Amino acid sequence: MARDAGVLREIAAAVEAGDDEALPALVQEALGQGMPAASVLDDGLVAGMESLGRQFGAGEVFLPEVLAAADALNAAVSVLGPHLVAEGNPARGKVVIGTVAGDVHSIGKNLVALLLRGNGYEVTDLGVDVSVEEFVAAVADERPQVLAMSALLSSTTAQFAAVTEALEIAGLRRQVRVLVGGAPVRQEFATRAGADGFAANCVAAVAEATRLMAETEDE
Amino acid sequence: MNSKERVLTSLRGGQPDRVPIVETPDLASLLNLAAALGIPSPGPEDTYLVHRMACRLVLELGLDAMLMPDPLDVMEHDGGIIRDRFGSEYRESVHGEPYLFRGPVEKLEDTVGLDMRPAVSSADFAPIAVTRDALGPERPVIMWLTAPFKLSWRLRGGMQELLTDFAKRPELVHALARVTTDLLVSMVEGAADAGVDAIILAGDIAGEEGPLFSPRHFREYVRPYYEEIVASSHARNMPVIYHGDGNMWPFMEEIIDIGFHGFNPIQPQCMDIAEVKRSVGDRLCLVGNIDCRDLLCTGTEEEVERVVRETIAIAAPGGGYMLHSSNSLHHDVRPENYIAMVRAGQKYGIYPD
Numbered sequence: 001m002a003r004d005a006g007v008l009r010e011i012a013a014a015v016e017a018g019d020d021e022a023l024p025a026l027v028q029e030a031l032g033q034g035m036p037a038a039s040v041l042d043d044g045l046v047a048g049m050e051s052l053g054r055q056f057g058a059g060e061v062f063l064p065e066v067l068a069a070a071d072a073l074n075a076a077v078s079v080l081g082p083h084l085v086a087e088g089n090p091a092r093g094k095v096v097i098g099t100v101a102g103d104v105h106s107i108g109k110n111l112v113a114l115l116l117r118g119n120g121y122e123v124t125d126l127g128v129d130v131s132v133e134e135f136v137a138a139v140a141d142e143r144p145q146v147l148a149m150s151a152l153l154s155s156t157t158a159q160f161a162a163v164t165e166a167l168e169i170a171g172l173r174r175q176v177r178v179l180v181g182g183a184p185v186r187q188e189f190a191t192r193a194g195a196d197g198f199a200a201n202c203v204a205a206v207a208e209a210t211r212l213m214a215e216t217e218d219e
Numbered sequence: 001m002n003s004k005e006r007v008l009t010s011l012r013g014g015q016p017d018r019v020p021i022v023e024t025p026d027l028a029s030l031l032n033l034a035a036a037l038g039i040p041s042p043g044p045e046d047t048y049l050v051h052r053m054a055c056r057l058v059l060e061l062g063l064d065a066m067l068m069p070d071p072l073d074v075m076e077h078d079g080g081i082i083r084d085r086f087g088s089e090y091r092e093s094v095h096g097e098p099y100l101f102r103g104p105v106e107k108l109e110d111t112v113g114l115d116m117r118p119a120v121s122s123a124d125f126a127p128i129a130v131t132r133d134a135l136g137p138e139r140p141v142i143m144w145l146t147a148p149f150k151l152s153w154r155l156r157g158g159m160q161e162l163l164t165d166f167a168k169r170p171e172l173v174h175a176l177a178r179v180t181t182d183l184l185v186s187m188v189e190g191a192a193d194a195g196v197d198a199i200i201l202a203g204d205i206a207g208e209e210g211p212l213f214s215p216r217h218f219r220e221y222v223r224p225y226y227e228e229i230v231a232s233s234h235a236r237n238m239p240v241i242y243h244g245d246g247n248m249w250p251f252m253e254e255i256i257d258i259g260f261h262g263f264n265p266i267q268p269q270c271m272d273i274a275e276v277k278r279s280v281g282d283r284l285c286l287v288g289n290i291d292c293r294d295l296l297c298t299g300t301e302e303e304v305e306r307v308v309r310e311t312i313a314i315a316a317p318g319g320g321y322m323l324h325s326s327n328s329l330h331h332d333v334r335p336e337n338y339i340a341m342v343r344a345g346q347k348y349g350i351y352p353d
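Top to bottom, those sequences are chains A and B. Its first residue numbered 1, the first sequence is counted upward by one per residue in my numbering. Its first residue numbered 1, the second sequence is counted upward by one per residue in my numbering.
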């Protein structure tokens, strides 16, 4: 069967439409045409998600559409995952994520986790109301390249600094990039908290995590 | 004018004698305020602790009303798990705040025959009589109720689940809205029978950057059910305030069309009070806007007074404004700042004769 870039466009469109029924079959079709799994991921799945992300950023689509797309993306990645490994693609990196202590908001954090998985990253989700000690233990145990923390209350954003300080004390700060986000969080706050990156929304968080991953690869 | 006349006049778009001062406190903030004012607490064994403390503070501070909590928000603690009466399960955060992790509805079949109304009893309305007895007939009783959207996502085990349903399972969204709206209509009837004067419907559907879902989904999944609830409340002569955090601009005209009388909390981080007053102030009573995220927590009493003075100058002319925080009083609010907010409201909120 000849390779057909059209299937990649169909994959991207299916991601945008949140069509989790059609997507696994389209991924199989692309692989059946001999396309590299990495290309199916980047030029099909991720391209579709990036397009939807731009629409989300512009206020043209909303959380239901992004959640449905993230669901579909994850269904597709579970089909694609073994092929990525079999074709010798190195793991894209690992992220530990959680909402800080005293804060029980989950939806933004969950969406970032879903999108990171959909972009091929390994994600350990610690949940909500995560203590400083739990974050530090997860960084020690999981050895992620990026630690992503979310807070939706201005009172709980103080936890970001508490975690970065605890990582420093534990001698772990230099081995991980810290990414923070959530409604009250702004760049200057992230900088004050000793974080390496900041994202204003879930789509930006994936781009920022990717940038931080690249920094660790450069070292 | 007494407090009841003042509040109801404002909600119906008129100009009272002064800006009404109403508030939504949590238990921690009530206890902090009581301690600051030297008021002894009745003790945690009192079934109506929150209501009695709220009434005491209304009288002590000269407020027009403390808004009564939703009676259905009472939870049962069972070891490390907290349950509501409808089968949703919660864990407790380090601040003691319950957060949902599981709901009883996973699929459309789980809604067949589901009726939330039998879980409500007359005991749920008993706090209204406690409040009436404590405050007398001259103060209004305003009660929070939780809107179908939030009740639906509690049944589904999370907002994320329901928002995904919006895109993928419309029948399930409508089934949940039906069940929760039937409950709400019965709650409105029960509240009216028990003597409630106005309802505030908790319906968060936006973040600071904008709506959680599209106006199309609002019209499909939310608006028809809100219309039923508001119609039921109108039939009993009870005004309804809509409570929606975040940037609600895309929904404001719909909120008016549905028939809500008031709008709360007008979060200053994303809704400019002057623009809100200009745009909808002649059609909705505005309730809120005094920042409880930063100002009331970390500001000075002088800053609080200045903001209250400025807000009243913008929002109160012609009537249709009630002083209230930009969400609620919570454990981080400094009692001194809230007292300063009330004093400033009493000082600057008097309308000329």
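Worth flagging that the hints you see were computed from the coordinates, not collected in a lab. Certain hints may be false.
[Claimed, not checked] The following label-pair restraints were derived from C-beta to C-beta distances:
| id | chain 1 | residue 1 | chain 2 | residue 2 | range |
| --- | --- | --- | --- | --- | --- |
| 1 | B | Glu109 | A | Glu165 | 43 to 53 angstroms |
| 2 | B | Glu138 | A | Glu165 | 47 to 57 angstroms |
| 3 | B | Pro215 | A | Glu21 | 33 to 43 angstroms |
Here the structure is a predicted model, which is why all the values come from computation and not from measurement. Cβ atoms here follow ideal geometry from the backbone N, Cα and C, with glycine treated the same way.
Exercise. Can the suggested window of 47 to 57 angstroms be confirmed for the beta-carbon pair Glu138 of chain B and Glu165 of chain A?
Worked result: holds, 54 angstroms
For this session: Could you see if the CB distance from Glu109 of chain B to Glu165 of chain A stays within 43 to 53 angstroms?
Result: holds, 50 angstroms
Exercise. Holds or violated: 33 to 43 angstroms for the Cβ distance of Pro215 of chain B and Glu21 of chain A?
Worked result: violated, 27 angstroms
Checked against the numbered hints above, the structure breaks only hint 3 and satisfies the rest.
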